[in-house]
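Protein chains: 2
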Amino acid sequence: MTATPASMAGDTAADDVTTSEGPTHPLTGYTLDEAEGPLSSEELRVMDAWWRAANFLSVGQIYLMDNPLVHEPLALEHVKPRLLGHWGTTPGLNLVYVHANRMITERELDAVYVMGPGHGGPGPNACAWLEGSYTELFPAITQDERGMAAFFRQFSFPGGVPSHCAPQTPGSFHEGGELGYSLVHAYGAALDDPGLTVFCVVGDGEAETGPLAASWHINKLINPARDGAVLPIIALNGYKIANPTLLARIPEAELAELMRGYGYDPHFVTAETSTNPAQAHQGLATVMDECLDKIAAIQERAREHGDLSRPAWPMIVLRTPKGWTGPTVVDGQQVEGTYRSHQVPLAATRTDDEHRGALEQWLRSYRPQELFDDAGRPVPELLALPPEGARRMSANPVANTQRLLHLDLPDFRQHAVEVAARGTSSHEATRVLGGWLRDVARANDGSFLLFGPDEVASNRLHDVLDVGGRSWVAQTLEGDDRLSPQGRSIEILSEHVCQGLLEGYLLTGRHGVFTCYEAFIHIVDSMFNQHAKWLEASAAVPWRGSVPSLNYLLSSHVWRQDHNGSTHQDPGFLDVVMNKKPGVVRVYLPPDTNTLLSVYDHCLRSRNYVNVVVAGKQPQLDYLPMDEAIRHCTRGIGIWDWAGTETPGSEPDVVLACAGEIPTLEALAAADLLRQVQGLRVRFVNVVDLMRLQPESEHPHGLSDREFDALFTTDKPVVFAFHGYPWLIHRLAYRRTNHHNMHVRGYKENGTTTTPFDMVMLNDVDRYHLAIDVLDRVPGLAAREAVLRQRLGDTRLCARQWTREHGEDMPEVADWVWPHG
Amino acid sequence: MTATPASMAGDTAADDVTTSEGPTHPLTGYTLDEAEGPLSSEELRVMDAWWRAANFLSVGQIYLMDNPLVHEPLALEHVKPRLLGHWGTTPGLNLVYVHANRMITERELDAVYVMGPGHGGPGPNACAWLEGSYTELFPAITQDERGMAAFFRQFSFPGGVPSHCAPQTPGSFHEGGELGYSLVHAYGAALDDPGLTVFCVVGDGEAETGPLAASWHINKLINPARDGAVLPIIALNGYKIANPTLLARIPEAELAELMRGYGYDPHFVTAETSTNPAQAHQGLATVMDECLDKIAAIQERAREHGDLSRPAWPMIVLRTPKGWTGPTVVDGQQVEGTYRSHQVPLAATRTDDEHRGALEQWLRSYRPQELFDDAGRPVPELLALPPEGARRMSANPVANTQRLLHLDLPDFRQHAVEVAARGTSSHEATRVLGGWLRDVARANDGSFLLFGPDEVASNRLHDVLDVGGRSWVAQTLEGDDRLSPQGRSIEILSEHVCQGLLEGYLLTGRHGVFTCYEAFIHIVDSMFNQHAKWLEASAAVPWRGSVPSLNYLLSSHVWRQDHNGSTHQDPGFLDVVMNKKPGVVRVYLPPDTNTLLSVYDHCLRSRNYVNVVVAGKQPQLDYLPMDEAIRHCTRGIGIWDWAGTETPGSEPDVVLACAGEIPTLEALAAADLLRQVQGLRVRFVNVVDLMRLQPESEHPHGLSDREFDALFTTDKPVVFAFHGYPWLIHRLAYRRTNHHNMHVRGYKENGTTTTPFDMVMLNDVDRYHLAIDVLDRVPGLAAREAVLRQRLGDTRLCARQWTREHGEDMPEVADWVWPHG
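Quick note, the sequences are listed as chains A and B, same order.
Using my numbering, the letters of the first sequence correspond one by one to residues 1 to 821.
Using my numbering, the letters of the second sequence correspond one by one to residues 1 to 821.
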């Protein structure tokens with residue numbers, strides 16, 4: 001094999017380099033040309049040195065277990081057996097970082113850094129180590145040779161840190177595992193933080209994803225006065241794992257049109273493999289200055305002169321060779337500047353001495369002896385380069401989950417609906433909640449936002465629009481409904497964008513709610529997964545603070561999408577949620593308005609969870625006065641003695657259980673029907689907090705077996721009407737004593753275009769079927785109550801027939817109220 | 001209330017309209033101006049009449065239960081109690097349809113129509129009814145008054161058809177429930193079908209979604225010679241449910257730049273509420289001519305002159321008022337041209353006589369008496385307008401699942417790996433499969449494609465690249481790896497685009513495979529849901545034919561993402577899949593190379609399913625010779641007697657079960673460890689087809705209880721090592737006799753950056769833990785084998801320690817082979 005490291009090694013032997021001024025510089029292993037630009041010769045020299053140091057530290061993380069400063073010749077035992085992390089994108093990430101640092105220092109910015117490209121973790125780690133924040137946060141990783149060795153070793157090593165940005169990465173609030181969310185997270189952080197600048201590196205691979213492609217349009221929702229600035233930087237290094245990237249293979253003029261079409265003002269910097277880094281530094285410094293000047297001008301216009309019209313925010317397209325400064329040719333194949341440098345350019349460093357030799361040569365090409373002193377500490381001028389304290393992007397409390405804005409919660413009890421007689425009056429639960437959320441938004445102007453994919457009004461939360469309206473800085477027309485740059489409701493028809501903005505907003509210490517149709521929340525399954533995994537991992541990072549919970553409000557739920565048919569019916573998000581670590585997920589199914597208010601107050605107070613609340617938006621009967629609602633929601637599960645027919649002191653004959661708005665209604669109506677059965681002792685159990693059904697060993701909310709048995713008995717039939725897929729209840733309860741007696745009715749993909757009641761009938765969750773179920777399950781009852789059983793069946797058939805004739809539910813069903821109030 | 005219907009009703013009373021030539025026309029209720037353009041006066045008159053007829057039929061579907069031709073004054077009982085379907089987008093959809101028809105007729109196109117906007121179902125239904133194909137496919141919906149009444153009534157009515165495009169919609173292969181997939185489905189249909197033209201209406205709402213935003217770039221993968229043409233038409237009506245659309249609120253010049261930046265050649269047609277339809281018709285006809293001319297020129301250049309360079313395909317931005325021709329002002333508020341016309345402009349037609357009167361006026365404004373004869377049949381010139389037979393978009397077999405190309409499957413046995421001794425040799429299963437898939441691609445050039453988000457090579461399927469390489473028509477550079485317009489591998493870093501292209505390709509009768517990292521397939525959970533729901537609903541539509549199954553090949557699976565950490569570890573797609581109707585979903589977990597080959601042959605032969613196959617890409621031991629592999633996969637579950645220690649004729653002491661590549665390896669290694677226990681009778685059960693675990697009442701593949709008990713016993717402990725989240729096995733098996741004895745180990749979100757074996761240890765799926773589990777579960781064994789039990793535990797600790805020191809697994813583990821071969 002042949003390996004030529006450092007394409008720009010040039011012809012100046014390292015030993016000949018002196019400290020004198022000129023094109024050749026002591027801190028670099030390659031010849032640094034003179035180049036025109038805003039950087040003084042000295043600035044250029046130090047910035048390039050810092051970049052080289054970051055690159056050296058990146059290569060070290062990928063490859064080395066020991067001998068970090070290459071004080072000895074590189075031996076087999078110094079090299080990791082598994083080479084992880086991606087070199088290809090890393091030098092570009094480091095380049096942006098050092099140039100962002102110049103901006104921060106010169107302009108006194110409060111800035112954070114979002115890294116989109118995958119597995120480029122060595123870069124931000126290296127920068128944080130150079131800035132000293134790594135050592136501050138992880139005291140064992142000292143800023144010296146020993147710490148460097150530990151720092152290298154832990155990277156993508158068992159028990160160590162991941163190869164992409166993660167909760168362990170100083171300065172990151174963006175997990176780099178799944179691609180596509182850098183820009184939306186950056187914008188989420190910028191919302192309501194006027195002093196913040198977000199340098200957001202977008203990978204040209206991730207730019208192909210849908211969520212990223214949609215995210216460019218967020219600029220139409222950014223208020224230049226009250227929001228911070230995002231500076232997107234496309235890292236156009238041309239390749240993914242094995243393929244070129246689309247954006248790298250269209251003419252630059254076309255890419256410029258695309259960016260202008262997205263509403264940006266693009267700036268291009270290009271470095272080919274033949275470009276001297278000095279030119280790239282000067283080029284990037286030039287456009288960084290231009291962009292930050294333009295941002296300042298936009299903000300001044302908005303803030304000083306009140307011009308909130310949509311500006312063309314600047315952005316940068318930075319074209320650099322993939323794997324720049326790494327081995328150029330390996331085993332006769334071009335590596336630098338191609339997809340072959342995507343992961344590790346030298347793969348056989350444990351088995352091929354020449355590869356290992358090339359690695360050593362590559363490491364030495366950065367001339368570590370001039371970047372670090374004998375103890376392994378960065379030389380003073382490198383230490384002096386970054387901004388200080390919290391201005392370091394790796395130490396910014398905003399990025400490190402160390403800022404948590406207070407949330408002032410108005411009393412939800414003020415919005416309680418009166419329940420004079422149980423199950424007789426009706427309210428639209430989400431509409432009432434919307435009134436309280438309006439008060440929350442008003443009391444927390446600047447730290448609370450509602451997000452929705454054009455469904456805020458549809459889900460009846462439009463009272464929130466009283467607070468500033470809908471966020472909007474694009475064109476407005478007469479007749480628009482409350483569009484305003486001051487809006488506290490962020491609406492865009494992209495579930496991905498809503499979810500991502502909220503994640504970015506929460507992870508930087510603010511609060512919010514995402515409302516969505518239940519079926520379509522599956523669109524963000526994977527984003528939910530990644531956020532939950534962030535919370536799981538973050539809990540083990542001692543310097544990370546609390547994150548406000550991610551609160552879903554799912555309405556237009558499966559049982560109220562009868563008219564839209566099967567495509568709009570899917571309660572399976574609950575199943576996805578339940579797969580994550582019990583410590584971070586909660587699911588609530590409040591059956592009426594007061595329970596929804598109580599549950600939501602709890603959710604907004606909570607930290608570090610994902611709370612999923614499914615609630616109705618159609619008029620629904622009110623069951624619980626507020627004081628009872630609070631008690632019931634606090635317990636999460638309980639017997640509704642007013643609904644049952646138990647005899648105190650004796651066990652019931654059957655348990656009728658329910659969870660969810662419509663199942664609760666149907667179970668109550670079934671309980672009503674069953675009052676016709678003389679002497680039948682029905683226990684009525686309602687579940688609000690689904691996690692209560694799990695064993696206490698599985699979830700912190702789980703009931704003990706004793707508690708569970710006390711509710712569900714150990715041997716009586718249980719008929720359970722459930723909001724979601726029925727198997728979920730079995731999955732939660734399969735270890736319980738009485739599980740074999742549990743008969744669960746839920747959604748089973750029996751959906752079509754129909755009426756609400758016909759839809760519950762199609763899935764056997766309706767009152768008649770539940771009542772018949774009870775008759776069939778209680779020993780001896782079916783025979784004794786054959787007449788009733790048949791009448792229930794007949795009425796059910798009539799109900800179906802009625803919908804086919806009239807297109808709506810029969811009044812007996814639709815107008816039913818609880819008659820025993 | 002006040003309601004002014006039909007903004008362009010003008011000042012000509014309907015009764016004054018005559019059949020004479022001139023600006024006022026007999027077939028329209030409004031004054032049709034003269035306007036310059038390619039349409040003759042007669043063409044214009046008939047096309048406008050057809051549009052009006054389609055609009056009338058659309059309003060009828062939304063509102064009427066009876067009295068379809070408004071022969072009587074509209075009474076309460078004629079109006080539906082629930083008003084569903086969205087009027088706002090419908091007139092625009094109908095306008096494009098009639099203009100597409102002109103193109104089809106004039107140019108003899110083979111064309112299909114994709115409708116992106118949501119709930120615009122009345123439009124395509126109306127067009128299909130006018131074209132006669134509705135009656136051909138649904139004989140009860142005759143093309144006369146009675147049929148019209150039934151046609152109106154069934155729309156979004158219990159037991160009827162959905163309000164959006166669905167399997168019941170003639171001419172649609174695109175479900176309109178969840179937004180964002182119109183363009184990707186259109187391109188999927190166009191792949192490999194050079195004669196096809198796809199008119200694809202993109203809603204300006206759905207244009208905000210991520211998948212749609214990413215789909216524009218598919219033009220870089222379209223070969224103008226061997227693929228068909230997609231003509232995207234953005235229906236820019238300006239509003240979503242409650243918000244304006246982003247694309248409607250940027251300057252037209254910016255939108256043009258966006259489209260040019262995406263690589264298109266945009267054409268604009270604008271109709272304001274004040275625009276006379278004649279101008280809109282002429283305008284649309286003009287750009288339709290231009291676009292189809294350009295498409296023809298592109299295709300000629302490619303096909304006649306061999307120029308396969310990327311063209312700028314034409315596209316259209318059609319700006320029309322939302323709810324055009326509907327009520328202008330309702331209850332004093334502007335409706336036409338605003339978000340208020342999004343759903344139904346007159347909502348109170350059952351309770352407000354004025355609303356009902358306005359509806360009648362609106363219906364009459366289309367002058368149905370001049371569009372339909374007394375019997376309700378369209379007048380001859382309307383019947384004569386559409387193209388004939390299969391050229392009608394509503395009757396095109398390509399769209400109606402009536403074309404199914406043959407798939408020629410080469411013998412997979414030719415790729416079998418030899419298994420001289422069980423569990424000793426190793427192969428990368430997906431690499432071997434890739435060899436067979438290459439043969440499949442070669443044998444079916446033009447009807448088989450492989451899709452992947454830049455993971456084809458990573459998942460080791462790169463042999464498929466031998467057949468034409470990777471699809472690519474953008475710029476190429478020296479050193480690129482086999483990019484070609486002829487590629488049979490479609491790679492773009494968007495799981496949404498991969499999934500959507502494959503869906504469009506399959507639903508138009510071709511075959512394919514989607515390969516993806518297991519964790520990231522969650523990105524398309526919702527698209528999978530919608531496709532499965534299409535298959536569920538399609539099965540009940542008698543005129544729909546079979547669809548090739550959607551075949552996933554998930555590799556880089558949860559147990560081999562140890563190095564990438566928690567973000568890359570998620571086996572939960574299986575849980576999502578299992579929620580869909582058993583008739584359409586299948587999950588396979590082949591444990592080695594030969595079983596993967598056998599399973600995949602079965603999948604590619606199947607129809608109407610979604611097949612999920614999870615397989616390894618790393619070297620894995622070979623267990624089954626091909627003949628055994630075929631038998632085992634055909635059974636889907638079975639006892640591996642060579643791995644167990646049963647005594648014939650007596651029950652085992654314990655069942656060691658497994659499903660999945662790594663769990664099978666660990667279970668086998670555990671079985672090996674357990675041979676140290678004198679006299680212990682271990683039964684070894686391997687599961688390939690997960691559906692076999694369900695009761696036969698729940699899934700067609702389900703084992704009978706008798707069969708299940710025969711495998712798993714009725715009372716012996718079962719230790720089950722599972723690929724996914726352990727609860728899935730409980731959910732499938734909770735009704736089985738011996739379920740309470742089943743102890744399942746699977747992934748439980750215990751993930752970090754580590755080694756393969758450490759990762760299975762973290763989740764208790766490792767050989768030592770499984771063996772200890774067995775010792776603990778078999779009565780008396782733990783005490784008798786205390787020494788062994790402790791040794792196993794100690795070795796396990798050593799294995800963990802080893803990874804922390806060496807960064808890889810200890811040789812005893814990593815190099816283990818089955819020693820009893």
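Hints listed in this document are in silico derivations from the structure and should not be mistaken for laboratory results.
Hints may be right or wrong, so weigh each one.
Given that identical chains are not distinguished, each listed pair holds provided it fits within a single copy or across any two copies.
[As the list claims (entries may be wrong)] Below, a list of computed lysine to any residue pairs in the SDA-like style, where the Cα atoms sit at most 20 Å apart: (1) K716 to G638; (2) K716 to Y734; (3) K748 to E536; (4) K716 to A312; (5) K748 to S425; (6) K294 to A140; (7) K581 to D627; (8) K581 to E696; (9) K716 to H740; (10) K581 to V329; (11) K748 to R391; (12) K294 to N223; (13) K748 to P700; (14) K294 to P625; (15) K748 to E812; (16) K748 to R631; (17) K581 to R735; (18) K716 to E34; (19) K294 to D66; (20) K581 to A710; (21) K748 to Q154.
Status of the hints after comparison with the structure:
Taking the shortest Cα distances, K716 and G638 sit within 20 Å of each other inside one copy (17 Å), while across copies they are farther apart (37 Å). In this assembly of identical chains, K716 and Y734 lie within 20 Å of each other by CA distance both inside one copy and across copies; the values are 16 Å within and 18 Å between. In the homo-oligomer, the alpha carbons of K748 and E536 lie at most 20 Å apart only across protomers (12 Å), although the nearest pairing inside one protomer, at 31 Å, exceeds that limit. Proximity of K716 and A312 under a CA criterion of 20 Å is satisfied in neither setting, with 68 Å inside one chain copy and 70 Å between copies.
Taking the shortest alpha-carbon separations for K748 and S425, neither the intra-copy value of 31 Å nor the inter-copy value of 44 Å comes in at or below 20 Å. With identical chains, the CA atoms of K294 and A140 are never at most 20 Å apart, being 42 Å at best within one copy and 66 Å at best between copies. For the homomeric pair K581 and D627, neither the shortest alpha-carbon distance inside one copy (32 Å) nor that between copies (42 Å) is at most 20 Å. For the identical chains of this complex, K581 and E696 are intra-copy neighbours only, at 14 Å inside a copy versus 32 Å across copies, given an alpha-carbon limit of 20 Å.
Taking the closest pair of Cα atoms, K716 and H740 come within 20 Å of each other both inside a single copy (10 Å) and across two copies (19 Å). Taking identical chains as interchangeable, the C-alpha atoms of K581 and V329 are never at most 20 Å apart, the minima being 45 Å within one chain and 53 Å between chains. For the identical chains of this complex, K748 and R391 are neighbours neither inside a copy (54 Å) nor across copies (39 Å), given an alpha-carbon limit of 20 Å. Proximity of K294 to N223 under the C-alpha cut-off of 20 Å is restricted to the intra-copy arrangement: shortest distance 15 Å within a copy versus 41 Å between copies.
In this homomeric assembly, K748 and P700 come within 20 Å of each other (Cα to Cα) only across copies, at 16 Å, whereas the closest approach inside a single copy is 29 Å. Proximity of K294 to P625 under the C-alpha cut-off of 20 Å is found in neither arrangement, the shortest distances being 56 Å within a copy and 68 Å between copies. For the identical chains of this complex, K748 and E812 are neighbours neither inside a copy (26 Å) nor across copies (47 Å), given an alpha-carbon limit of 20 Å. For the homomeric pair K748 and R631, neither the shortest alpha-carbon distance inside one copy (32 Å) nor that between copies (33 Å) is at most 20 Å.
For the homomeric pair K581 and R735, the shortest alpha-carbon distance inside one copy (19 Å) is at most 20 Å, but the shortest distance between copies (26 Å) is not. Proximity of K716 and E34 under a CA criterion of 20 Å is satisfied in neither setting, with 86 Å inside one chain copy and 79 Å between copies. Taking the closest pair of Cα atoms, K294 and D66 never come within 20 Å of each other, the shortest separation being 46 Å inside a single copy and 63 Å across copies. Taking identical chains as interchangeable, the C-alpha atoms of K581 and A710 are never at most 20 Å apart, the minima being 27 Å within one chain and 35 Å between chains.
When the C-alpha separation of K748 and Q154 is checked against a cutoff of 20 Å, the pair qualifies neither within a copy, at 47 Å, nor between copies, at 24 Å.
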